[in-house]
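Undergrad: Protein chains in written order, with this note's numbering: chain W, 1 to 295; chain D, 296 to 567.
Keep in mind the hints are simulated off the structure, nothing from the lab.
Keep in mind it's a predicted model, so treat the numbers as computed, not measured.
There could be a bad hint or two in this list.
[What the hints assert, rightly or not] Okay, derived cross-link-like pairs now, BS3-like style, lysine-lysine, Cα gap no bigger than 25 Å in a straight line:
#1 W:K222 - D:K403
#2 W:K202 - W:K222
#3 D:K459 - D:K435
#4 D:K388 - D:K435
#5 D:K433 - D:K403
#6 W:K286 - D:K403
[Claimed, not checked] Quick look at which bits of chain D chain W covers, simulated, 3 or more residues with Cβ under 8 Å:
#7 350-360
#8 390-400
#9 403-412
#10 472-481
[Stated by the list, open to error] Only some residues are given here: those of chain D computed to face chain W with a beta carbon under 7 Å:
#11 G363
#12 P364
#13 S365
#14 V426
#15 S430
#16 A432
Glycine included, each C-beta is placed from N, C-alpha and C at the ideal position.
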Amino acid sequence: MFRNVAELVELAQSKNVPISEIMIAQEMDFRGSTREQVYNQMKNNLEVMEQAVERGIKEDVRSHSGLTGGDAVLLQEYMKTGNSLSGHMMLDAVSKAIATNEVNAAMGTICATPTAGSAGVVPGTLFAIREKVNPTEEQMVRYLFTSGAFGFVVANNASISGAAGGCQAEVGSATGMAAAAIVELMGGTPEQSSHAFAIALKNMLGLVCDPVAGLVEVPCVKRNAMGASNALVAADMSLAGITSRIPCDEVIDAMYKIGQTMPSALRETAQGGLAATPTGRELEAKIFGVSLDRK
Amino acid sequence: MCQVFFFCKAMLAHIVDFSERSPQGEKSQKSPLFINIAICKDELHLKKGGVNVKFRSVFDIIGPVMIGPSSSHTAGAARIGRVARHLFGREPKSITISLYGSFARTYKGHGTDVALIGGVLDYDTFDERIVNALSIAKEKEIKVRFIEEDAITDHPNTARVSLKDDHGEIELVGISIGGGKIEVIELNGFALGLSGNSPAILVVHNDRFGAIAGVSNTLAKHEINIGHMNVSRKEKGKEALMTIEVDQNIPQVVLDEVELLPNIIQVAKISD
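Generate coordinates for the entire structure from the input sequences, incorporating the hints supplied.
TA: Structure, rendered in structure tokens:
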């Protein structure tokens with residue numbers, strides 16, 4: 001059993017296997033299950049993710065509040081013009097991340113990765129990369145195990161709860177997880193995965209959880225979009241040979257400590273940040289019919 | 296620790312289904328005294344040293360499959376409601392839920408209310424009926440009451456769920472610790488350390504010498520390893536509660552055997 005990223009990487013290196021394999025083996029051991037059972041459960045999660053992405057990029061999904069919906073479709077249309085600055089692959093990942101979170105906000109069915117509010121980053125990147133490199137089903141399932149291995153360390157050594165650690169704990173973790181998994185899928189080493197995770201999370205540190213009206217919509221959907229782009233860039237940087245000066249586990253620890261010192265108003269209470277802006281308050285009042293002078 | 300704790304038979308026979316949880320113990324959880332203290336606190340305070348590994352399955356991270364929008368406020372809430380339902384063992388006539396911290400502030404927007412009630416109606420995190428749980432409860436003529444509490448709790452996402460009907464009531468306190476994972480920290484006034492990670496049994500017994508040994512010997516005889524055990528009592532020599540988390544699922548025959556032991560009043564299983 002690995003307790004941190006250093007141990008995870010060392011295990012993978014010493015056995016000469018990818019990180020996904022370490023996670024699969026640990027899960028089999030933990031559950032007393034066969035490889036097939038563990039694999040199939042993850043495959044089922046993959047299918048749920050794909051359905052959410054497909055729904056989000058094709059249907060006009062709208063949340064009950066009316067705050068979010070339809071943006072994934074807008075991006076897909078825009079991509080067809082061929083004029084995008086950030087490129088097809090990047091925008092595809094972004095729109096598929098948005099798609100997942102729009103479905104989530106509309107109380108649709110999604111797979112939490114690691115949470116519902118941050119459910120877009122991992123599938124968004126994965127299904128965009130699928131268009132480019134055409135991975136096997138097993139590679140895609142492994143992508144989720146690699147993501148899960150890193151998320152597992154964060155959840156146990158820091159937090160994946162916005163109420164406990166802010167958005168950095170949710171979208172920040174998801175971004176690191178996706179970056180690490182992209183590296184493995186693209187043939188990088190376990191160590192490169194850890195650098196990608198570190199680079200991605202470093203750029204999410206301090207991110208607060210300040211949802212307007214307490215809804216997992218504004219700014220959550222767009223934060224997943226940026227998380228997906230951040231993950232791709234971090235993975236590319238790591239695959240290019242760039243390393244993180246601060247080791248991955250120390251970045252996770254820094255995230256944990258920042259979360260501890262974050263005021264409660266910025267941890268999913270809808271009391272600070274964007275939620276407390278005049279427009280945020282107005283939207284809240286409109287949606288719930290509550291008074292604007294809410295404490 | 297001073298409330299009467301009573302299970303009816305029907306309720307005890309019920310099995311709680313924690314989806315995606317699984318057996319096998321965590322080796323580091325062998326020190327009951329420390330673990331119980333740790334488990335009752337906010338996750339922010341305990342992490343270090345690997346003493347209490349809360350997330351033990353990759354499916355805690357990649358999962359659950361759920362109805363949006365929030366894993367902690369929707370899926371976790373549904374799970375808290377569902378544990379209460381399964382411990383109660385039947386559909387209640389009245390549901391009273393007190394919400395604390397972030398739950399109290401944001402429950403409407405996150406669908407925490409519909410999810411909690413959906414859970415009490417025995418819906419899983421991915422059951423689409425959750426969306427309409429409040430109106431379904433109304434149709435069933437179940438009284439539903441939510442109370443927004445101002446009190447500060449250890450964990451920001453805390454709910455106190457009280458279920459009642461003509462035959463009895465239970466009250467439990469659940470916390471949603473992120474990613475859809477929950478813990479039950481209190482049941483009818485008894486402090487609990489139920490993580491939902493492992494199968495567990497609850498044993499109501501008379502506070503007499505040998506009662507605990509009897510239960511642990513029976514489990515040992517069936518080669519069931521105890522990962523974590525906690526004993527609470529109202530007062531010396533009266534009724535007490537054992538909470539035992541074990542490494543593998545427990546066959547009914549073992550429960551029946553435990554129930555026949557001297558000084559044992561009731562036994563309930565909470566399985567994976």
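Undergrad: Could you run down the list of hints and mark each one as holding or not?
TA: We went through each hint and held it up to the structure:
1. W:K222 - D:K403: holds (22 Å)
2. W:K202 - W:K222: With Cα atoms ~19 Å apart, K202 of chain W and K222 of chain W stay inside 25 Å; holds.
3. D:K459 - D:K435: OK: K459 of chain D and K435 of chain D at ~14 Å, within 25 Å.
4. D:K388 - D:K435: holds (9 Å)
5. D:K433 - D:K403: holds (17 Å)
6. W:K286 - D:K403: holds (14 Å)
7. 350-360: holds (count 11)
8. 390-400: The restraint on the segment 390-400 of chain D holds, since 3 of its residues have a Cβ under 8 Å from chain W and three suffice.
9. 403-412: holds (count 4)
10. 472-481: Holds: 4 residues of the segment 472-481 of chain D have a Cβ under 8 Å from chain W.
11. G363: holds (3 Å)
12. P364: holds (4 Å)
13. S365: With a closest approach of 5 Å, the S365 of chain D hint holds.
14. V426: For V426 of chain D, the interface hint holds, since the closest Cβ of chain W sits about 5 Å away, which is under 7 Å.
15. S430: At 14 Å from the nearest chain W Cβ, S430 of chain D fails the 7 Å test, so the hint is violated.
16. A432: violated (17 Å)
In summary, the structure is inconsistent with hints 15, 16 from the numbered list given earlier, while agreeing with the others.
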